[in-house]
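Participant: Sequence:
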Amino acid sequence: MSSNETRTYLAKVARLYYLEEMSQPEIARRMNVSIATVSRALRKAREMDVVRITIDESFERMGELESNLEKEWSLSECLVVPSHDRPSSTYPEIAAAMSDVLSRLIGRGCTLGISWGETLKAVGENLKTIRTQELRVIPIIGAMGMVDTGIYPNSIAREFAARLKGTPYLVNTPAMVDNRAIRDSMLRDSHYRAVREIWQKLDIAIIGVSGLNEDTSVFRQGIFSREELQALRVKGGVCATNFAVLDANGASLDDPISERILGLPFEELAGIRQVIVVTAGKVKAEPLRAVLSSGVVTRLVTDEECARALARR
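My numbering applies: residue 158 is where the sequence shown begins, and numbers increase by one.
It cannot be assumed that every hint is accurate.
To be verified - Pairs of lysine-lysine, PhoX-like flavour, derived with a Cα cap of 25 Å: (1) K439 with K392; (2) K169 with K201; (3) K392 with K228; (4) K285 with K322; (5) K358 with K322.
The set of hints was computed from the structure by calculation and includes no laboratory data.
Model the full structure from these sequences, guided by the hints.
Facilitator: Pasting the structure below:
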């Protein structure tokens, strides 16, 4: 064939494949050639610039960020969405990315553990409906907060279960008690033992991250007092996740507060097949770095602002 005829032929094959969305076997039958010939033609079309594939600049930028963070933190997957002026505008895109991840990870009979926080509340409310089979959804922290705020762990688990067509399992013990003696007593409670048995079978856990300052859920919801936050920072604490307080290296802080918590211990996340962190905003970069340093996270869903702040360090 002449050069012009070759380009015409390649353009024909490319149009059928990329624009008319025909499969390679369908094209082979229509053009009376082998599937291997179609495959070679598509490759040649790219080499000769008959087909030019471009990616939207913003998504190309995100892709580079995602790849760099995956390599730096040994993540199976990182998804970065565009940031907006207000978190409320970013959350739907975070939820869409989370929907994509969960649609690929959740299998029949899967058990999903959900932490708590404003970001997880918003994600649950914006999650796309996914039809699952025999999915169980359970909070991985005890009850706390006000039910009418929607940040109540059981409320968040119910929302995820509704969107994912799963069955919610509720945790009715408190997340934090006054002292270790009370906690030890509740550990022997039959309800809590049943919850622990489900936690031991978790396939996926979704957690958020929080800094240790007064502009966070752990303070606004009355979990930690101003004095407790200050004391934790003095001891080297930089992050709270599922009520566990971590230092900059991702190690759990040795503090009496940990002896009062009723929830899935942070160290047990390491035994779960998929641990997903979801967070947004550059203020979350430092606490996120602490959680990633622990090595328990397998997947990250965040926004560009947080990702860039994380990458700059």
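Participant: Does each hint fit the structure? Answer for all of them.
Facilitator: Here's how the hints hold up against the structure:
Annotation: proposed proximity of K439 to K392 holds, straight-line Cα distance about 23 Å (limit 25 Å). Restraint check for K169 and K201: satisfied, since their Cα atoms lie roughly 12 Å apart, inside the 25 Å limit. For the hint linking K392 to K228, the alpha-carbon distance of about 31 Å lies beyond 25 Å, and the restraint is violated. Our distance criterion of 25 Å between C-alpha atoms is met by K285 and K322, whose separation comes to about 11 Å.
Our distance criterion of 25 Å between C-alpha atoms is met by K358 and K322, whose separation comes to about 19 Å.
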